[in-house]
Every structure is written in structure tokens, then in C-alpha cells.
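J.: Based on the sequences and whatever the hints tell you, model everything.
As given, the protein sequences belong to chains A and B, one line each in that order.
Each residue of the first sequence is one higher than the one before, counting from 1 in this note's numbering.
Each residue of the second sequence is one higher than the one before, counting from 391 in this note's numbering.
Heads up, a few of these hints could be off.
[To be verified] Pair ranges (Cβ atoms, derived):
id : chain 1 : residue 1 : chain 2 : residue 2 : range
1  : A       : G160      : B       : I640      : 37 to 47 Å
2  : A       : G208      : B       : R551      : 30 to 40 Å
3  : A       : D189      : B       : I642      : 56 to 66 Å
4  : A       : D189      : B       : K648      : 31 to 41 Å
5  : B       : A462      : A       : M39       : 30 to 40 Å
6  : B       : V420      : A       : D189      : 50 to 60 Å
7  : B       : I640      : A       : D133      : 23 to 33 Å
8  : A       : D217      : B       : I640      : 16 to 26 Å
9  : A       : G160      : B       : V420      : 44 to 54 Å
10 : B       : I642      : A       : D133      : 50 to 60 Å
11 : A       : D80       : B       : G603      : 23 to 33 Å
12 : B       : F491      : A       : G160      : 34 to 44 Å
13 : A       : T344      : B       : F491      : 53 to 63 Å
Derived by calculation from the structure, the hints in this document are not laboratory data.
Backbone N, C-alpha and C define an ideal beta-carbon position, used for all residues, glycine too.
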Amino acid sequence: MTDELPRTDVAADAAGADTHPAAGQPLLRIEGVAKTFGMFRAVDGVSLDIKAGEFFALLGPSGCGKTTLLRMLAGFEAPDEGRILLGGEDIAQALPHQRPINMMFQNYALFPHLSVRDNIAFGLKRAGMARADIATRVSEMVALVKLEGLEKRKPDQLSGGQRQRVALARALARRPQLLLLDEPLAALDKKLREDTQGELMELQRRLGMTFIIVTHDQEEAMTMASRIGVMKAGQLVQVASPRELYEAPRSRWIAEFVGDINLFEGESRLRDGHRLVIGTRDAGTLVVAEPREPVGAGKFAVAIRPEKVKLSRRGPVSEAGHETALNRLDGVIADICYLGGTTTYRVKLDTGGMMQASVANSARLDVDAYSLNQHVVAWFTPDDCVVLPS
Amino acid sequence: MRKISRLSRFNVASLALGLAFLYLPILILVIYSFNASRLVTVWGGWSLRWYHEFFNDRAMIEAAWMSLRVAASSATIATLLGTLAAVALSRGERFRGRTLFSGMLYAPLVMPEVITGLSLLLLFVALNAERGFWTVTIAHTTLTMCFVAVVVQSRLGSLDRSLEEAAMDLGCNPVRAFVAVTLPLIAPAIVAGWMLAFTLSLDDLVIASFTTGPGSATLPIRIYSEVRLGVKPEINAICTLVIGLIAVVIVIASLASKLSSSQGESAAPL
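T.: Spelled out as C-alpha cells, the structure:
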């Protein structure tokens, strides 16, 4: 993409993409940033490094401080504590217009009195770019977000998806070092949202730009981001790749927030080589793999994702290895939720608990499907379990 | 249109009576301003005689000119101050005493004019200010500023704050962001506020008579004193002109505020 967009000497560029941070040094470093509103500590000591070219997602429930953190990066809020280093320079107290960072707003914040063209050109004019260069850049941006032919429309003459594109083009036009996206897809319907997710990823790769997106939608974060930072009550509780976040959540709260999960509380009984034997109240005795960071004795929660739980009528017969047979739980089907690609069964265990099992509907005919009140065996391997501090 | 055609006879009658009650006196005044007769109540045929008379009445013309000057300058100052007050009130969410300030700003809306006029008179006497054009202008500014603030503030309240933030994000300092984005969006409200202030000043009699000085009577004062000596048909002509002027200003103001609110709708996110 950079070949297609000829470089133009503008103030924004000079301050922007041309100052490459030294190799290995993160583009953005957030150090112990905190922000308090009255009595409420919205952001509570967040530290984070973001490398150039990353697609980073800040994920969390509403009110967790992710938007406040983003607004501090944009300059709309000044942190009470900590530093924000962009390319090694502390910008924590700089005003929004002094930062080589642009933001795409949740409600797009398009200027209603300006046309699409003028909305996109707004930031370029402020950067003191020459008129001819502005025209070139605007048409590049219009082509980039596929809005050709709509340049003269006002925002109220556009559909929701088109407005979203204008907002994106406007934020990208100045070629910021860092693009912040505040719930950029929240206002779009599901189908359009999925298409746009793909386009945003594609765009980010082509431009080689660094994106930080704020979202409360874990699927959106997992789909788009290369790394995800999960926030809870103003703190960053885990920073990991989507896979690691899903398969190795650091706490019970994260495990429950990201995706569905079965949780069983219990106490560690004994250690058998790489295995822990945990006695649970609702699911009997479970054999689980010892976590990477060794845990002492005490109370734990055993977590198993529903798709890791296999169901069968008589137990794991075909794969009847020693390993797989370690966790077998008898129960009856209590609830069936057909979702198209998968079916989620809720199994009432004989030991008292409930267990969700998600089964792929790999055959079109329902010969393999279970029916309500049918007796089944739910089984899973020790490696499918995650042991979490209770 | 459909609704109008569905009006029953009773509704038509009550509407006609209501409108007649409001506009018949004005209509009679307008018709009699074209009366050729010297007697106000006797119809003597059509004539533009009294308009001619008015344009040759130096004192009346001076009063009218004075009124227009006062209205234009007080409306301009009031618009400036009222807009600033509205911006401070709707943008400064966190400043202390905001409720008190807005309450104090709106108090003149309901304050009896006699009290406003009297207190201003006392102030000008205490300051030993020479009463005339400037004292009336200041008094009218006090009266009309709160109306401007109300109009502009309601428009500002419906504006999305993130518009200004977007402008700052795209390279504007806070002042430029206001000028480049907020000001164009509230401009119709500011225009409407100015028009409102202008008409309020133009037809004010009470406050003007408290705060004016010798030799600087406004048109309402002049008309009022003439009428006390008996109604001359010339007054009808002047009043017709004033009605025409105010009608034009009000139509423009309501068009401006309509434009403003329709833009407000489009500014709302989907």
C-alpha cells in the first residue's frame, strides 16, 4: 500500500510516521498510568508496551476504564500518574492536536456541516498541506475506503456503514503513527460488522500502521487483534495473544469473560507426576495437567471449555487410551441449544453439577444427535483443563 | 393538509374567532393607516398621506432611527455576551456554582420590566452616567442577553461533544476547534438569538423610558407620548411600519431556528 500512496511532505508526516523508533523499542510505552474521576479510579496503574505495526485490542466490560485509557492516549484526558511514551517521548500532558495520533470515534463524530471530501480534508488543512496535495490525498483515502462518487454528500445522506468509512478515512488521512479506534463497529449490524472487521485487518496490514482498538465484544477482539489486553476495574489483568487468552486465561474472571466455560471448584488432593488430582464438589475427582506456573495446595477452580468436552453414549470407546479415560463423568442431557454449526448440550452430572458440551454438527442428518434426558458420558483429557486460583 | 380539511365547523369557527381576537385590532390599525381622513375613526378613502406625514416628521424619524440603532447595537452586544454565557454554561460541566450562574442568567426572563428598569436607572444615577443612547443600549442588552443565552444554549446542548474533540484530534487547538466546528453548527441559533434580541429591544417601552434621557426618546416612547395628546392617524402609519419590520425579522428568526434544529437532527448519530 505504501507504494500506492506517494509520500508528501507535510507537518503531520514529519512529526508522524518518519520518526521510526529504534529497533526493539516499543512504539508506545504506557507506564503506571492512572486516572481518577472524583472518588472513582477509572484507570489504576496500567503499564503496557505496544510495538509498531501491532493490532492491539483493549477488551473489557463497560466501565472497566478502557475508553478512559484510550482517551488518555488521544489526549482528551490527562493522566494523574504515570507516563505515556510515544517513540521515546513523553506525551502524557500534550494536547490532542500536538500528538501524531488520530482517533476514530464511536459515533464517528463526522462534521455534519461538511461534505465527505471536506471531512476527510479537515485534518490535512490544519496540517498546512498544499491544496493540490490535499486533493490527491483525499482521493486516495476515498479510494482506500471505497467511497468513490460520494465525495460531495453530507454525513446525513450516508448509510451507517458509509459514515463509518468516512470516519476511518478522516482518521487515516493524516497518516498517524498510531490509530485509536473506539468501538468502531458497535453501530453496525452483524453482517456488516463481520465484513468490516476483515477490511480493517486488511487495511492495517497493507498500511503497516499501529492500531489500538477498544471493544467490549470479545469475538471482535479475538478476530482482529494480534494481542489483547483485558481490563477489569481500571487494571490490565492479562495481555496475551487471542489463543493464549482463550486457552490459558490467568484468572477465573478472565476465563468467564472470554468465551463460555465450565468451572468446578475444588481442592487439590495429591500430585501424580505432571498431574494434579483435584476433588471437586460438583464433578467428583478430576485429573488435570499441572499448570505451567506450579501451584501449591489449596482451593482451585478447574476450567474446561465446552468444545473440549466430548460426549458419547458409552464413554470413550474408540479412543480408549489411558490418557483420555482419566476424566469420565456420567450424566443426562438436560438442555439442547442448536446453533447451526454447533449444538450446545447441558449435561446434568450424576455428581450434581452441570456441564456444557459444544459439539460440532459435522453431519447434516441428526443420527448422532443426543436427545433430552438421554444418558451420556462426558469426558475430557487432563490437558484440556485449566487450573485457576479460586 | 388533510388535518385542516378534517376540521369541523366548530373548529373552524373557534379558530377564526381566536385569530380575529388576536389580529383584528392590528388589521384595523393597518387599514386606518391608509385613511385619508384626519379623524382616526372616520373612513375618508385610501391615501398614503400619513406615511408622507411621518417621513416629514423629523422628531418621529429621529426617534425611529434611535430605536433602530439601540436595537441593532444592544442585540449585537447581547448576542456576543449571551453566546459566551451559553458556551460557558454548556461546556464547563465541572465548574463550581454553575447552577447558581445559570439561574441568575435566566432571572431577567421573569423579572418584571419595571424592576429591571428602575434598578438600572438607580445604577446609572449612582454612576452619574449621562442618560441617552448608551444607557438604553446597556439596559436592553441586560434584558435581551438571557434570551440569546437560552436559544444558543439549547442548540449547544443538542450538539455532540465529540465533534469538538474530533476537530482537536485532527489538529485544531481548542479555540480553532470551536471556530471551525461548533460555531458553524450553532450559527443559526446565534442569528435567531440576535433577531429575537432586536425585536425585543425595538418594542420595549418600560425599560427604555426609565433609562433614556432628554432628547433621546426611542420610537415607542415617542409614540406613547404622542398618543397621550390624542391619536393622530400618523401613529397608525408608524405602527404599521413597525409591525411590518417585526414580522419580517420574526419570520427570518423562525426560519433560522428551524434550519438549526433540522441540522441538529442530522447531526445526531444513527
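J.: All the hints need checking, so say for each whether the structure fits it.
T.: Comparing the hints with the structure gives:
1. A:G160 x B:I640: 37 to 47 Å: Hint holds: Cβ distance 38 Å, inside 37 to 47 Å.
2. A:G208 x B:R551: 30 to 40 Å: Holds - the Cβ-Cβ distance for A:G208 and B:R551, about 33 Å, lies within 30 to 40 Å.
3. A:D189 x B:I642: 56 to 66 Å: Taking Cβ atoms as reference, A:D189 and B:I642 lie about 42 Å apart, which means the hint is violated.
4. A:D189 x B:K648: 31 to 41 Å: Holds, at about 33 Å.
5. B:A462 x A:M39: 30 to 40 Å: 51 Å, violated
6. B:V420 x A:D189: 50 to 60 Å: 58 Å, holds
7. B:I640 x A:D133: 23 to 33 Å: Once the Cβ atoms are compared, 47 Å apart, the range 23 to 33 Å for A:D133 and B:I640 is violated.
8. A:D217 x B:I640: 16 to 26 Å: 51 Å, violated
9. A:G160 x B:V420: 44 to 54 Å: At 53 Å between Cβs, range holds.
10. B:I642 x A:D133: 50 to 60 Å: Distance hint for B:I642, A:D133 is violated at roughly 41 Å.
11. A:D80 x B:G603: 23 to 33 Å: 57 Å Cβ-Cβ, so the 23 to 33 Å window is violated.
12. B:F491 x A:G160: 34 to 44 Å: Check passed, 39 Å falls within 34 to 44 Å.
13. A:T344 x B:F491: 53 to 63 Å: 58 Å, holds
When the structure is compared with the earlier hints, violations turn up for hints 3, 5, 7, 8, 10, 11 and for no others.
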